[in-house]
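2 protein chains.
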Amino acid sequence: MLKFEILATDTSSHARRGKLTLNHGVVQTPIFMPVGTYGTVKGVMPRSLREMGAQIILGNTFHLWMRPGLDVMQSFGGLHGFEQWDKPILTDSGGFQVWSLGSMRKITEEGVHFASPVNGDKLFMSPEVSMQIQTTLNSDIVMQLDECTPYETNGHKTTEAEARKSMEMSRRWAVRSKNEFERLGNPNALFGIVQGGMYKNLRQESLEALVEMDFPGYAVGGVSVGEPKDEMLDIMAHTPHRLPAHKPRYLMGVGTPEDLVEGVAQGVDMFDCVMPTRNARNGTLFTRYGDLKIRNARHKTDHQPLDPSCTCHACAGTEGVSWNDGGRGGFSRAYLHHLDRCGEMLGPMLTTIHNLHYYLNLMREVREALDAGQFGAFRARFKAERARGV
Amino acid sequence: MLKFEILATDTSSHARRGKLTLNHGVVQTPIFMPVGTYGTVKGVMPRSLREMGAQIILGNTFHLWMRPGLDVMQSFGGLHGFEQWDKPILTDSGGFQVWSLGSMRKITEEGVHFASPVNGDKLFMSPEVSMQIQTTLNSDIVMQLDECTPYETNGHKTTEAEARKSMEMSRRWAVRSKNEFERLGNPNALFGIVQGGMYKNLRQESLEALVEMDFPGYAVGGVSVGEPKDEMLDIMAHTPHRLPAHKPRYLMGVGTPEDLVEGVAQGVDMFDCVMPTRNARNGTLFTRYGDLKIRNARHKTDHQPLDPSCTCHACAGTEGVSWNDGGRGGFSRAYLHHLDRCGEMLGPMLTTIHNLHYYLNLMREVREALDAGQFGAFRARFKAERARGV
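Line by line, the protein sequences are chains A and B.
To convert, note that position 170 of the first sequence is 170 in full-length UniProt numbering; the numbers rise steadily by one, no gaps.
To convert, note that position 304 of the second sequence is 304 in full-length UniProt numbering; the numbers rise steadily by one, no gaps.
Just so you know, these hints were derived from the structure itself, not from any lab.
Among the clues, some could well be false.
Since the list gives no way to pick out one identical chain from another, each pair is judged satisfied if it fits inside one copy or across any two copies.
[Unchecked claim] In silico DMTMM-like pairs for lysine to aspartate or glutamate, Cα to Cα no more than 25 Å straight-line: (1) 42 with 340; (2) 383 with 10; (3) 300 with 86; (4) 42 with 302; (5) 178 with 212; (6) 178 with 227; (7) 300 with 121; (8) 293 with 71; (9) 293 with 109; (10) 293 with 110; (11) 87 with 302; (12) 293 with 234; (13) 300 with 71; (14) 247 with 208; (15) 247 with 291; (16) 200 with 230; (17) 178 with 51; (18) 19 with 234; (19) 178 with 234.
One chain only, chain A, in its complex shape (with noise of 0.2 Å):
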């Protein structure tokens, strides 16, 4: 099931502000989706995702199906019981993580053959076996199977004919997905892929067949791969508002807090990325006046939160009012780079609820500005405000 609304359009750009209906909630977009590879969003509790307004998390197919296994997902009904999220969930298609296991697998039309990183056994997956998978998951939108194009292999960047060949193969695979989605009766939504790497005119084919299959909703893979970021800010320009417009449209894998507001700009609807955990763990905190690194030396006496503006539990504590407001509940800096030094956990607890609320606070922030017909003021002043400096 899926039903998606627009309630808002922008005059200035081609943003949307949306409400998606799923089996297991709705979700306001634009929306900025926190990635949960192995069944836990890394370092945060449930109930702090629930906290920050996570309306709907990522799980990884690949790494699910690597463990605990699909007997276990079959004994909790799927992956929300296990992992005790009970909001809507979205699962990658296997594919990406499959094509980068490298000189480990073997892709052909059929599907890839590959030995398990875990135990070594020898596994294959198909169209037919990621819906099969998916649907154990019982994810509330569902990918169809698709090879990631690369942007280059070993220095040889991928060309045209190589590129077409490797979109083509995803576009019969996604007939394949859809035929076998169907025929297991899976009740929620699966969601297409536009593939095509950097080319436009490959882009445009892939869309247009997808289009044509009637997904609900339509994905923009192959970007965020390794490209400079003039051609993936041209892949952005050239695809999503070219979706129908009825219909979400999700943009894979990106970005940072700048891209997220350029794809709502270019009509995307859903994003993910690793980047606000990953940085989190590596020490490097977005704010609203630019990124901040917790590692540096000056912050060791500094008393301030994070970003004195922000309400996570971070930043503000229990009591969520901000450090701009009054508010002393949160963690100074010096705490959280004391922290970071001795190597204790708290440290990445903690920056890791701060990066997911910013990201889900900028989302909230867009959809705010969509809502009053301000998105343009509102992207001007979030570019300037990055570009200040922490």
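On the provided structure of chain A, position chain B as indicated by the hints.
Positioned in the frame of chain A, the structure of chain B alone reads:
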């Protein structure tokens, strides 16, 4: 400031129910104190500690002196503001950690010369230095500097003559600690530490000399240092109940749930130990019916929580209703097994909450039994249940 009232005493043992008032609040005893070495109880949010009813936590003087250092502590007015914990804090003297440096340190009557394990700086610890640091930390309970008498050194069991020499130096350091504590005008409470190794006559001598000095509270140190269990129980049976009845008694670094209940029966009011937090990270979980190893493959598909009678966040979710009472908001053994197997942070985050909750709840049950005049029956039931096996 320290005020201690005895609210009830047990007729079948030396156990007592008390109320300890300190500068940062009231502590109901007997109590277990979670250990927060570097200004954080490993893997736990301060809010979780509050939720599970922690009344007082520990900080380690030596570690906090090394990192973040006294300049940072000074700027925060002590440890409370730095780590965002507004209830009482107890700090150790740093003696045990300096002593543990082994060949890196040299102990003399004056104090301990050692090289910083962080940066190699030549440093000096003495009773006076320990008091100065603990005064900067502004902990509610300050511990005298003592020398921890080892049970054995490289296979050589400490002789009575060696234990006496060590105990007598600790006694002289107690005098110097008290003098410096008073000179500094520290407004908190200083505890003396009974030493004497495994020799009861030395324990008795140490105790009498410290009682003469009229400390507001007393600790029993130098147990749980590698001695056989029966020797530990021997000291536990000898020393605590001989300490002044109207003052709080703290058994340092002990121990298992069984040790705690036995310690209460011997007249101990306060305990600390890294066991619940360390074991949680290693996958050994405490339950009403014994210990559970989450790494055991038999938990792979088990839908039950760690302890079906437990109301902690890991077992019962946010609702606080245990599995036995129909609650299904908690995390399953299967999920915790999976998190451990994948090395996911959420694993130790949840198991640490569970183990600390177990210890704190055990002490709550002890207090309730003492209030009801039922400690003897509680003690017997506790032993039988724990021995049953999970």
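Status of each hint after checking the structure:
1. Taking identical chains as interchangeable, the C-alpha atoms of residue 42 and residue 340 lie at most 25 Å apart whether they share a chain (16 Å) or sit on different chains (13 Å).
2. Taking the shortest alpha-carbon separations for residue 383 and residue 10, only the intra-copy value of 18 Å comes in at or below 25 Å, while the best inter-copy value is 68 Å.
3. Taking the closest pair of Cα atoms, residue 300 and residue 86 come within 25 Å of each other only across two copies (22 Å); inside a single copy the shortest separation is 40 Å, beyond that limit.
4. Taking the shortest Cα distances, residue 42 and residue 302 sit within 25 Å of each other only across copies (23 Å), while inside one copy they are farther apart (27 Å).
5. For the homomeric pair residue 178 and residue 212, the shortest alpha-carbon distance inside one copy (13 Å) is at most 25 Å, but the shortest distance between copies (84 Å) is not.
6. Taking CA atoms no more than 25 Å apart as the test, residue 178 paired with residue 227 passes in neither setting, with 30 Å inside one copy and 67 Å between copies.
7. For the homomeric pair residue 300 and residue 121, the shortest alpha-carbon distance between copies (19 Å) is at most 25 Å, but the shortest distance inside one copy (49 Å) is not.
8. For the identical chains of this complex, residue 293 and residue 71 are inter-copy neighbours only, at 21 Å across copies versus 42 Å inside a copy, given an alpha-carbon limit of 25 Å.
9. Taking CA atoms no more than 25 Å apart as the test, residue 293 paired with residue 109 passes in neither setting, with 46 Å inside one copy and 45 Å between copies.
10. Taking identical chains as interchangeable, the C-alpha atoms of residue 293 and residue 110 are never at most 25 Å apart, the minima being 46 Å within one chain and 43 Å between chains.
11. Taking the shortest alpha-carbon separations for residue 87 and residue 302, only the inter-copy value of 23 Å comes in at or below 25 Å, while the best intra-copy value is 38 Å.
12. In this assembly of identical chains, residue 293 and residue 234 lie within 25 Å of each other by CA distance neither inside one copy nor across copies; the values are 30 Å within and 53 Å between.
13. In the homo-oligomer, the alpha carbons of residue 300 and residue 71 lie at most 25 Å apart only across protomers (10 Å), although the nearest pairing inside one protomer, at 49 Å, exceeds that limit.
14. Within a single copy, residue 247 and residue 208 get their C-alpha atoms as close as 14 Å, which meets the 25 Å cut-off; across copies the closest is 82 Å, which misses it.
15. Taking the shortest Cα distances, residue 247 and residue 291 never come within 25 Å of each other, neither inside one copy (34 Å) nor across copies (52 Å).
16. Taking the closest pair of Cα atoms, residue 200 and residue 230 come within 25 Å of each other only inside a single copy of the chain (14 Å); across copies the shortest separation is 78 Å, beyond that limit.
17. Proximity of residue 178 and residue 51 under a CA criterion of 25 Å is satisfied in neither setting, with 36 Å inside one chain copy and 48 Å between copies.
18. Taking the closest pair of Cα atoms, residue 19 and residue 234 never come within 25 Å of each other, the shortest separation being 27 Å inside a single copy and 69 Å across copies.
19. Taking CA atoms no more than 25 Å apart as the test, residue 178 paired with residue 234 passes in neither setting, with 29 Å inside one copy and 72 Å between copies.
In summary, the numbered hints that this structure violates are 6, 9, 10, 12, 15, 17, 18, 19.
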